[in-house]
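K.L.:
Numbering-wise, UniProt numbering puts 99 at position 99 of the sequence shown, and it's gapless, one number per residue.
Among the hints, a few may not be true.
The calculated SDA-like cross-link candidates involving lysine to any residue, where the alpha carbons are at most 25 Å apart (straight line), are [unchecked claim]: (1) K236 with T73; (2) K189 with V299; (3) K218 with E276; (4) K189 with T37; (5) K236 with V299; (6) K189 with P112; (7) K189 with A124.
The set of hints was computed from the structure by calculation and includes no laboratory data.
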Amino acid sequence: MNFLHLLWTITVPILLICVAGALVARYQEVETRSLSTVALYLLAPALILSALPTANLRGDHVVQIVEFTALITAVCWLVAWMAGRVFRLDRATSQALVLTTIFSNSNNYGLPVLLLAFGTQGFALGTIYVILQILLVNTLGVSIAASGRAGGSGLKALYQSPLLYASALGVVLSLVHQPLPGGFATAAKLLGDAYAAVVLLILGVQLGRTRWSAAARKSVWIGVILRVVIVPVAAKLLLMALGIRGLLAAVLFVEASMPAAVNTVALASRYEVAEEWTSMVVAVTTALSFVYLPFLIAVSR
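Could you put the whole structure together from the sequences, leaning on the hints where they help?
P.N.:
Have a look at this one:
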């Protein structure tokens, strides 16, 4: 019953938005780079400024979440980098592999799953993890994606991105417990609420243009195996090593084990880094998650 409820309340909306994007792309010319630019340079900063000032960044749980996030990010980056070298992937695909291995779909997919599986307390803990992921994907992610282009400078792209400055402002406002003024807060929330839908539409457009025969490529399944198998194992071992237990361990394990983040499709589109490959990894891992997520939730505690 819970599994069917999960499919209906979470999976179906995601699929409907992706299908809508694919259908529009089939009958109309859609320029995804413009959409990606709007998502990454306007909607994402707004989401950060909407979420961070009202987030509670105090307490032992926050310290543990920050510690886990930093370590799992480093482990995923190392594993993906090694896989790229071992399998001799080209530069763009190697950087895309790093993106899909590091970043999970913890926001628009992960948070509803947490609410269903662990209730409001689990949802609240997951929100802190998601905020850190938003910061990382829009700073570190931008740097990685930009460096995937020949002659690309990830550091330069990072400094030029408004996302970095929105994140810094959001952290400062959170630490001093100062929310945005009324009108600014409303505008930020309106823009931020559109972020997930726009990114999912971009994914749908990309999938509508994707040759599904590409799923047979070995490089795609390298990305799928890293995200679906290796990352959950690494997350479980890391949680045990850090001594994190109970509900917090379950929340972090499930969030880290979500399918590849749809945000990576926006990054790949914006910086022209293995767009089809990234969309395929996101699509395959998302499809597989309908089967493997219930099992991971069961073994999460």
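K.L.:
Does each hint fit the structure? Answer for all of them.
P.N.:
Cross-check of the supplied hints:
1. K236 with T73: At roughly 14 Å apart (the allowed maximum being 25 Å), T73 and K236 satisfy the hint.
2. K189 with V299: violated (35 Å)
3. K218 with E276: holds (14 Å)
4. K189 with T37: holds (18 Å)
5. K236 with V299: Measuring from Cα to Cα gives roughly 10 Å; hence the hint holds.
6. K189 with P112: Holds, at roughly 18 Å.
7. K189 with A124: Cα-Cα ~18 Å, so holds.
Hint violations for this structure: number 2 only, all remaining hints satisfied.
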